[in-house]
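Protein chains: 2
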Amino acid sequence: MFNIDFEPVGRRGQCPSEKSILECAHEQNVDIVSICGGFGVCGQCKIQVVSGEVSELTEQEIAQLTEQEIKQNYRLACQCHPKSNVKIYIPSESLTAPQRTQIEGLELNVEPDPLVKGFDVRMDPPSLEIPEPDDRNIWNALEEQHSIPRGIIDLDVQRALSVNVRDLNWNVSVALRGEEIVAVGAPSTRWLGLAVDVGTTKIAAYLMDLESGETLAKQGIMNPQISYGEDVVARIFAAGKSPENAAKLQNLVVDALNETVQSLCSQIGADTSDIVDAVVVGNTAIHHLLLRLPVQQLGVSPYVPAVQSALDVKARDLGLKIAAGGYVHFLPNIAGYVGADHVAVLLATDLAEAQDAVLAIDIGTNTEICLNYKGRMTSVSCASGPAFEGAHIKFGMRAAPGAIEHMRLSGTKLDIQTIGGEPPVGICGSGLLDAVAQFRLNDVLDATGRMVEHPLVRNHSGMREVVLVDRPGRDPITISQKDVRELQLAKAAIRLGIRALVESEEIADDAIERVLLAGAFGTFIDVESAMTIGMFPSLPRERFVQVGNAAGTGARQALISRTRRLEAQQIAVRDRYIELAGIPDFNRKFADANSMSSSAARSRQYEKTH
Amino acid sequence: MFNIDFEPVGRRGQCPSEKSILECAHEQNVDIVSICGGFGVCGQCKIQVVSGEVSELTEQEIAQLTEQEIKQNYRLACQCHPKSNVKIYIPSESLTAPQRTQIEGLELNVEPDPLVKGFDVRMDPPSLEIPEPDDRNIWNALEEQHSIPRGIIDLDVQRALSVNVRDLNWNVSVALRGEEIVAVGAPSTRWLGLAVDVGTTKIAAYLMDLESGETLAKQGIMNPQISYGEDVVARIFAAGKSPENAAKLQNLVVDALNETVQSLCSQIGADTSDIVDAVVVGNTAIHHLLLRLPVQQLGVSPYVPAVQSALDVKARDLGLKIAAGGYVHFLPNIAGYVGADHVAVLLATDLAEAQDAVLAIDIGTNTEICLNYKGRMTSVSCASGPAFEGAHIKFGMRAAPGAIEHMRLSGTKLDIQTIGGEPPVGICGSGLLDAVAQFRLNDVLDATGRMVEHPLVRNHSGMREVVLVDRPGRDPITISQKDVRELQLAKAAIRLGIRALVESEEIADDAIERVLLAGAFGTFIDVESAMTIGMFPSLPRERFVQVGNAAGTGARQALISRTRRLEAQQIAVRDRYIELAGIPDFNRKFADANSMSSSAARSRQYEKTH
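Chains as they are written, first to last, in numbering that gives the first Met the number 0: chain A, 0 to 609; chain B, 0 to 609.
Possibly wrong hints are sitting among the right ones.
The list makes no distinction among identical chains, and a pair is therefore deemed to hold if it is satisfied within one copy or across any two copies.
[Claimed, not checked] Simulated crosslink set (DMTMM-like; lysine to aspartate or glutamate; CA at most 25 angstroms straight-line): (1) LYS116 to ASP208; (2) LYS393 to ASP442; (3) LYS373 to GLU128; (4) LYS86 to ASP4; (5) LYS588 to GLU128.
The set of hints was computed from the structure by calculation and includes no laboratory data. Just so it is clear, the structure is predicted and the values come from calculations on it, not from any experiment.
So that you can see chain A by itself, here it is in the shape it has in the complex (with noise of 0.2 angstroms):
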């Protein structure tokens, strides 16, 4: 018996020579992929073996694993057995959805320097002789303690520091921000920071050690201005119709994050009024739903944001629930859809630094890619609509356990994998990619997209459609020729954006050295599947790189970085804007955009498989 370590999941279990990584780690609960069932014909349980031997490559896993994954270690965790103590390290992309949650990210791999710092402090308590003003009290001691310039009070720390400093017998902890005093606590108290990314769907909220820049507990939940419209444009709309509206949709978000910053600090026994420093990211709309700016000027031509510029604000005015003096930091936007969080995204992806050619893309209802060229850095925004979400898909889900996640298709043989590996319920976003990618390369579909004649193809109610999984005394499962148009839109939309960026620099596709995907979307799916149907350049697979939540981890950088947070602001200005809808011959290009002849990717594919 073996102690295997399985990362960045944090769990260990034994296991024997006898038994394969993959099984060992379905032992442990933790969740590797596995669509062809252990015979390593998928390819999806790649792992990393970062220390302790193992057993000897196998056919199968030459076959599957590009030479460079070889060098690296790279296994397939159904072929791979243990021979000693082992470390595994396993890619995001080889986990199951309900372990690859929102909240994973990049490391942060930033020095702390917080914009707010904790002071402690020793007052003299005033008397006759020297009956000293409070406010004068406080800053005379951090003169003296800390060489610490005179600055402002933050006034509802004001009010609450005559009784806090006698209560405490004239010894606290200071919170200062700049030159603001944002909270007085007790002494040696831990300062604490929130950092959140919006998203459309989900929000994930972070809170960190300010001084250590640790991150000390994660979560992630549902937006739930989702009931107000899937889409921003639905949203936009709704907060038009009445101010009543618009302040129910910044509500809804208030206190569904006070919600969470409660559930947060418990985990850690920490209070609320610990928290003196936030920073917020989420799309153009989002951001201005949550400040209550004006969005109607983002739903007509020329879509303009209020706001472009990084914005800070005391979080009472928001209604956040955190220290008296606390702000958050709203990073900057860069154009009404493209929003800061996608410029946390860069950030955190280092994208401004780059010196080979990058495309960071940020896959969801709306897609935000940058290409960095050069030193150049320019951005689009497309409306990839919500079929990567499941929605306007016959039997389309969420990432949720059930869902369809995975498929692979041999001749008539279709392989699925769902989410949990619970029964079939659905498809989510990466199980349709993989379907209609797995339907191209069986000829079921022809390069327009249409279903030809096929052995898995019936006619039903007029629309042809393929059965994933019958179920007995329930309609089947199935992909409609509509639900493969409604994934060409969303892929065309992506593809075109990619286009007028390598246009714009006067590039070949082939000359992008690297692609980031970041998201939770981009995180899950397949990116050979994302080649096979054109969505992505066809590129060798090893340019990609997925990141998972990098806004979220932007957004945690800017917390405990003031660099960091500067050089956001500069991102925010250097990116420049093209707004798609006036490209030159939109029309033309949208409909090459549609095509699925990516015959570079079939044929990579081809010789992979056989």
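The hints should help you fit chain B onto chain A, whose structure is shown.
Relative to the frame of chain A, chain B by itself:
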């Protein structure tokens, strides 16, 4: 007939050479004080001839006026007739109370350099090619058209900006406070400022043109907090009893200010949203109550303020309805009972720059006194009580029509002057002060303040009293021994404060070269009377200057001048505070101060009237 120009009242009239200036003034409803009825014996109707020819000096004038006054063209209005067109200056003390309202004060004499400035800009409407965000658009315009670098926009201004700039067709006036946009209006908006002196009893509010520094409208109202107690100690106690009380005390003032602001604006046809900056002064307790700062520690030794420093607070955070992003600047306090209003007095009187030895005295329920000697400023606070406001005095009343405001006694002949010449209904502070001084000069009182056997003194219900006015069918208006004692306590508190300051510098009373009397009461009183009863040290009359509402003037200066605002902060830091409760031999010194054996004053008074 000659033209007579009355300044600073600003009224004009015609007068034949047969009539006196006093008669002409009364015909024009310019209420010059006249106790003796125009016989040149009370000396109260002093005026200054600024230009033009007038009749020769009479014997009465030579007796009543000092040599210096004669040199400066001072005359008695009742003795002086025009011999050409004439321009007359009426000193504040020669006007009856209703014309010397609490809103009169020193001239500003300050070059306007406001913190908030207006700039007209023309913005470029955004297009699909250049979809400029609204915030960047306005900053671009400010930079291109006025070389103003990018700053921040108040959140509430930002919330209205997108709609505003479109409504105004991209031509706007921007109100900029340092680097922050605090309002956006139609092109060429005249941006206004509000200066307020919140007294314990009265509130004075001024509306100013920030660019020209001109006072456009002013208004005096009562402080509605009076329902919670006449002095600040009662209000501190009330606020400490419950947060609801504290909220109520704040709201009373804020509601009153909002009404006043509305009324001031309609006087000049402006909108309250044109007011982009405000300065508020008040004593420390009033200041704390208005800011909802804790006041309990003001009520117990060592009486420390929560806040000494100047504060800038968004008007909306106080509930004050001015421009969306407007701030209220609160001048700094000095000590628990030496507040921002005192700082404003020191500012308006340029006390900090004085090279001679100067006392500044702001008389009120609480009296603050500052001595500047060789550049060292020291202040004390004296609990002079409400006797000057007419409280705790049997027939006491505020300075309202019908109040006895001046009195002269010759042997047993009493002459009284009421405000507005109305039938007498009671006695206001200056009347009481005159009465006690006249009683002392005519030996109705002895040096300890005791009423002696005298034809005017009678016994009534076991208490000695003097009848001032017999009223058929009603109780006569009297001044009792107890009333005299109340006034003695008040004057003793002030005398003790002056002594403490003089002793702290180890100088004699006579070393004081100027005494500046601020505040409504300080303006109304007869200085000779105050010296007679020993409230002020006995000094040549011309060393006293009555400066009116200097606190309001200081507030206005700070409103229109950034320099003056900084100077106010320096004054608060430089000024040394002596807590009277802490001085040695307090009780003995207080008893000394209670005495009325001011022989010097008596002899001077004697010389003049005989």
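Outcome of the hint check:
1. LYS116 to ASP208: So LYS116 and ASP208 pass the 25 angstroms test inside one copy only (11 angstroms; across, 42 angstroms).
2. LYS393 to ASP442: within (22 angstroms within a copy, 109 angstroms between copies)
3. LYS373 to GLU128: The answer is between: 23 angstroms across copies meets 25 angstroms, while 68 angstroms in one copy does not.
4. LYS86 to ASP4: For LYS86 and ASP4, only the intra-copy Cα distance (5 angstroms) is at most 25 angstroms; the inter-copy one is 100 angstroms.
5. LYS588 to GLU128: For LYS588 and GLU128, only the inter-copy Cα distance (19 angstroms) is at most 25 angstroms; the intra-copy one is 82 angstroms.
Against the hints set out earlier in the document, no violation occurs for any number.
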